[in-house]
Structures are given as structure tokens and as C-alpha cells.
Amino acid sequence: MEDGQRPSLATMRRYAWINVFSGFLVWGIALAGVSMMMPVMYANISETMNWTVGQTTTFMVIKSSVSAVAGLIAGSLFVRFGLKRVYLPSLWSVGLATVALYFAHDLWVYYALAAISGFGSILCLVAIQLTLARWFDASLGRATGMAMLGGAAAGTVVPLASNYGLQHFGWQATAGAAGVIVLALALVISLLVRESPEPYGYTAEELDPGKAAAHGGPPAARDPGPEFKQILRTRSFYLLVIATAFSGVISNGINEYIPLFIERHTNLGSYMAALGFTIVIVLSGLGKLVFGWMFDRFSTRGVAACWALCGVAVLLTFPLSGLVTFAAFTMVRGLSHGGIVVQAPILGRHIYGVRSIAQLIAILNATFHLGAAAGIGLIGLAVDWTGGFTIPFAVVAVLAFITAGIGLTFKPLHWSGYRAARG
31 MEDGQRPSLA
41 TMRRYAWINV
51 FSGFLVWGIA
61 LAGVSMMMPV
71 MYANISETMN
81 WTVGQTTTFM
91 VIKSSVSAVA
101 GLIAGSLFVR
111 FGLKRVYLPS
121 LWSVGLATVA
131 LYFAHDLWVY
141 YALAAISGFG
151 SILCLVAIQL
161 TLARWFDASL
171 GRATGMAMLG
181 GAAAGTVVPL
191 ASNYGLQHFG
201 WQATAGAAGV
211 IVLALALVIS
221 LLVRESPEPY
231 GYTAEELDPG
241 KAAAHGGPPA
251 ARDPGPEFKQ
261 ILRTRSFYLL
271 VIATAFSGVI
281 SNGINEYIPL
291 FIERHTNLGS
301 YMAALGFTIV
311 IVLSGLGKLV
321 FGWMFDRFST
331 RGVAACWALC
341 GVAVLLTFPL
351 SGLVTFAAFT
361 MVRGLSHGGI
371 VVQAPILGRH
381 IYGVRSIAQL
391 IAILNATFHL
401 GAAAGIGLIG
411 LAVDWTGGFT
421 IPFAVVAVLA
431 FITAGIGLTF
441 KPLHWSGYRA
451 ARG
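Heads up: the sequence shown runs through residues 31 to 453, numbered per the working numbering.
Nothing false has been slipped in among the hints.
Have a look at the derived ranges for each label pair, beta carbon to beta carbon:
(1) Tyr268 to Phe51: 30 to 40 Å
(2) Val218 to Val425: 39 to 49 Å
(3) Ala358 to Arg265: 31 to 41 Å
(4) Leu269 to Asn80: 36 to 46 Å
(5) Leu222 to Pro349: 38 to 48 Å
Please keep in mind that the hints were generated in silico from the structure rather than gathered at the bench.
Cβ atoms here follow ideal geometry from the backbone N, Cα and C, with glycine treated the same way.
Produce the complete structure using the sequences and hints provided.
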């Protein structure tokens, strides 16, 4: 496209922020919204369907496992077919699977729908993060954090609304209604999303220059980074995969059990269980902004700090009984969860650049969900075996601090702050 034919810089930046808003909607409604609905319903599902805790929570184990497997091929799908051709059908599949929970009377149907939802969800998540990584450079952490605020917005409504739906209509009708909302969202998103600034004649560095560029230095991402096959040969890549998988355990593995833990193993009751989950999700919005800023400023060290905070949150479950300890736990858990959600594009772009960003974001999300699936499943089994959360939560706390230690070894070679510090 000739320079004279390019849209104005203001127009392009407006397109970039429309993509942030689109991500906000999809994350809040189709991804975080549907996911946070399930933990609130687990106790009701278990009782009404006569399934054990392990059987009931296996829904999310299967969903996360399928997400992990699908994430392994997501990068190649986006490279081959383009973003919107993968993104939109995936969003439809999440909506249809959620609607179909209305008809789930057998475990195999319940599990099959979890698999469909997991496949579509990971592709939607990668699509959001890939889009933002293509449109933003210096402010990628903040842009991603603002998009992921959709989860916090949904958190003000979904847990309590789900609890209301359970009391008046049952879990199947509640899930079906949520699916209809997701299907309506898919129509809106098809009109809003723009895949990349390149077809318009711009790059992310032009639209979102870093401090070095603003002072006359070279743009942070001029070096696009290595090919994916070169990345696969590095030791740091495998450490990154391991740490990202562990982050799924220490974040989603714990989140999945918050309502159940508070309701059954404290004296706070079912309403406070739903409220506690709501507070965690709402505060995760602040965490997304805080850690988005930290990731832009401190890169991988900020991510390591977030992982350490996840360990602190787990330790705060042990004294959880009254309002003071309830407030401390929900605050720390919410902030740390917000940071985890923002991490994948930061880790991929800052460590390895933009050349292989589609494959990197997909792999990081896949390993995150693999860790989440393993964490959810193993915690559920440990609860059934031991009758409590003490042992599994203690193991997760230790794992969080190990993960933070691994994070401190990463070098963000393609982050503008790292290169500026070295001249």
C-alpha cells in the first residue's frame, strides 16, 4: 500500500483499541465468563446428578487438556488459514457447546461438551493475544491487561448470577442461557476484529513506539527474532514451557476450587463462597492493569514476581476462616490471577521476538492449559483421597516459588528495556 493511501495514524490507533475492546468482550463473556460459571455450579451439579467431586470437576480437566492439545496446533492453523477464519468458528463452537449443556444428562455428554469448549476456547484465546501482539509493541502488557479486564467485568456478574440461576432454574438452564449470549457475541466480533496493521502499511512499532524510538533510538522490535525451529533448539525454551505449565497449576488449578473450598472447608457458607470467587475475579482486573504495567516495565522479572505472589495466595488459604483472612486471601489471589492471564504474549514477544509469535503464543497457552488440567485433576483426586485441601495446596505453594525461580533465569532479549539498558 502506498504511503499516500494509508489510513491516518489516528485511525490505525483507533483500530488497535477496537481490537482491545473486542478482546475484552470475548474474554469476559466466552472465555472467563463461561469458565468462572462452572466452579460456582460444581456443588449443585454434583448433588443433582449424583456425581462425585472428582467426576464433576473432570469437566475442566478435559476442557483444559483439550485446550492444551489444540494449542499445539493452533499456531500452524493461524499461519495457514488466517486469524478470522480460525477465530470466528472457534467462538461459535464455544457458544454451541455451552448451549448444549442444557441437554447434558450423562457424564459422557458432559465430558464431550467440555472437549468441544476446550478446543474452541484455546483458539479464541490465542487469537486475542496474537491480534494484540501484532498491533502493540511498547504497551503490549497494558493493552493485553485491558483486554483481559473483560474477565473482571464478568466477575462482577457471573458468579452471583450463576448462583441465582442455580437456585431458580437449575444448572442446565443456566448454562444454556450463557451459551445463547456467547452466540450473539460471535456476530458482533465478526464486524470488529482487524487482524494486523501490515495490510494498511503500518507496523506495531510505528503505532506503539517504545521510549527508545521516542528519543530517536531504533524501534524495539526491528529484529524480528529467530525462526521457530531455532527456538526449539534452545534450553530456555524448554524451561519456559515447564514454567508456563507450572503457572497453570498455581493459578487455574487453585481458582477452580475456590468456591468449593470456601463452602465446604470454612465456616463462611455458599453465599460467601460465590462472593469470594466474585471478588477474586473482580480484583484480577486490577491485577491485569498492575501486572500489565509491571510486565512492560520489568518484563520477565515482573512475570516471576507474579508467580511468587500466586504462592503467597495459596499459603493464605491455610488460616482462612473469618472476614479478615477472607479479605487477605481474595485480594492476593485476585491480583496474582490477573497477572497470569497477561503473561503469554509478554513472554513470547520479549524473549523471542515477533517472527514466531503465533507459534509461541499457541505453545505457551497449550502448556498453561496442560498444567491447569493436571493441577485441577490432581487436586480433585487428592481432595477425594485425603478429605481436605491441606496437602494439595501445600504442594502447589512450593511449586509456585519454584516457578518464580525459573522465571528469574529468562533473558528478554527482544524487549526494548533490556536492549536499552545494554546500549
